[in-house]
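Peer 1: Each chain, written out:
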Amino acid sequence: DQQVKQNSPSLSVQEGRISILNCDYTNSMFDYFLWYKKYPAEGPTFLISISSIKDKNEDGRFTVFLNKSAKHLSLHIVPSQPGDSAVYFCAASDPWGAQKLVFGQGTRLTINP
Amino acid sequence: NAGVTQTPKFQVLKTGQSMTLQCAQDMNHEYMSWYRQDPGMGLRLIHYSVGAGITDQGEVPNGYNVSRSTTEDFPLRLLSAAPSQTSVYFCASGRRGQALNTGELFFGEGSRLTVL
Numbered sequence: 023d024q025q026v027k028q029n030s031p032s033l034s035v036q037e038g039r040i041s042i043l044n045c046d047y048t049n050s051m052f053d054y055f056l057w058y059k060k061y062p063a064e065g066p067t068f069l070i071s072i073s074s075i076k077d078k079n080e081d082g083r084f085t086v087f088l089n090k091s092a093k094h095l096s097l098h099i100v101p102s103q104p105g106d107s108a109v110y111f112c113a114a115s116d117p118w119g120a121q122k123l124v125f126g127q128g129t130r131l132t133i134n135p
Numbered sequence: 326n327a328g329v330t331q332t333p334k335f336q337v338l339k340t341g342q343s344m345t346l347q348c349a350q351d352m353n354h355e356y357m358s359w360y361r362q363d364p365g366m367g368l369r370l371i372h373y374s375v376g377a378g379i380t381d382q383g384e385v386p387n388g389y390n391v392s393r394s395t396t397e398d399f400p401l402r403l404l405s406a407a408p409s410q411t412s413v414y415f416c417a418s419g420r421r422g423q424a425l426n427t428g429e430l431f432f433g434e435g436s437r438l439t440v441l
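Chains as they are written, first to last, in my numbering: chain Z, 23 to 135; chain P, 326 to 441.
Mixed in with the good hints there might be a few duds.
The calculated DSS-like cross-link candidates involving lysine-lysine, where the alpha carbons are at most 27 Å apart (straight line), are [claimed, not checked]:
id, chain 1, residue 1, chain 2, residue 2
1, Z, K122, Z, K78
2, Z, K122, P, K339
3, P, K334, Z, K59
4, Z, K90, Z, K78
5, Z, K122, Z, K76
6, Z, K27, Z, K76
Derived from the structure by calculation, the hints contain no laboratory data. None of the values given here were measured: they were computed from a predicted structure.
Whole structure, please, built from the sequences with the hints as guidance.
Peer 2: Listed below in structure tokens is the structure:
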């Protein structure tokens with residue numbers, strides 16, 4: 023049973039436009055959500071997170087939105103740059119075990135010049 | 326600043342062989358963990374540790390063993406390798422407060438294991 027789902031395996035966006043990556047979850051006890059970015063042959067790197075008590079968090083070109091009623095979060099990248107081409111993983115943790123991150127399947131983002 | 330270092334980067338095993346994947350971090354992080362990444366399944370937690378001498382199971386612990394004798398090292402042992410353990414393995418570490426509260430982790434570059 024996949025508690026965190028990224029239903030789009032891939033996404034292609036033109037350079038300079040907005041990239042929107044989506045993530046759905048089923049466990050209402052999750053209280054922290056994170057996005058990790060992964061380049062080929064490297065480990066994932068932390069990108070941005072959001073607490074369940076917020077609905078938006080911004081960090082430069084990256085914004086994460088959380089809709090708790092819909093159990094949905096999204097990552098917006100504006101403007102998209104070629105270096106953003108990577109696999110993006112959504113992850114979630116509950117109050118009793120942030121060490122037990124639950125990851126989605128990942129979305130491969132390709133930014134086209 | 327090395328961060329999280331995993332060795333080996335690549336390994337081929339025959340079914341039934343045993344081996345140890347090494348993980349070391351130089352950031353004095355209390356929390357360490359092992360994940361495996363399989364196509365279409367994201368990363369799944371195998372084992373984790375919140376400090377030296379303390380380990381616990383994650384989502385997919387069967388066939389793996391861990392120990393944490395020092396803060397720096399967290400080796401993952403495959404007891405009797407099976408083809409189902411063919412995967413990419415990632416070690417991660419984090420500060421106890423951050424790792425336990427927000428899940429922010431630092432990952433190694435991964436170890437690709439093939440079991441024939």
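Peer 1: Take the C-alpha atoms of Z:K122 and Z:K76, compute the straight-line distance between them, and say whether it is at most 27 Å.
Peer 2: 21 Å, holds
Peer 1: Decide if the proposed pair is consistent with the structure: Z:K122 and P:K339, CA atoms, cutoff 27 Å inclusive.
Peer 2: 30 Å, violated
Peer 1: Just to be careful, I want the Cα atoms of Z:K90 and Z:K78 compared with a cutoff of 27 Å; is the pair within it?
Peer 2: 11 Å, holds
Peer 1: Taken at face value, is the distance from the CA of Z:K59 to the CA of P:K334 at most 27 Å?
Peer 2: 20 Å, holds
Peer 1: What's the verdict on Z:K27 and Z:K76, does the C-alpha distance respect the 27 Å limit or exceed it?
Peer 2: 21 Å, holds
Peer 1: Take a quick look at whether Z:K122 and Z:K78 sit within 27 Å of each other, Cα to Cα.
Peer 2: 23 Å, holds
Consistency with the previously given hints fails for number 2 only.
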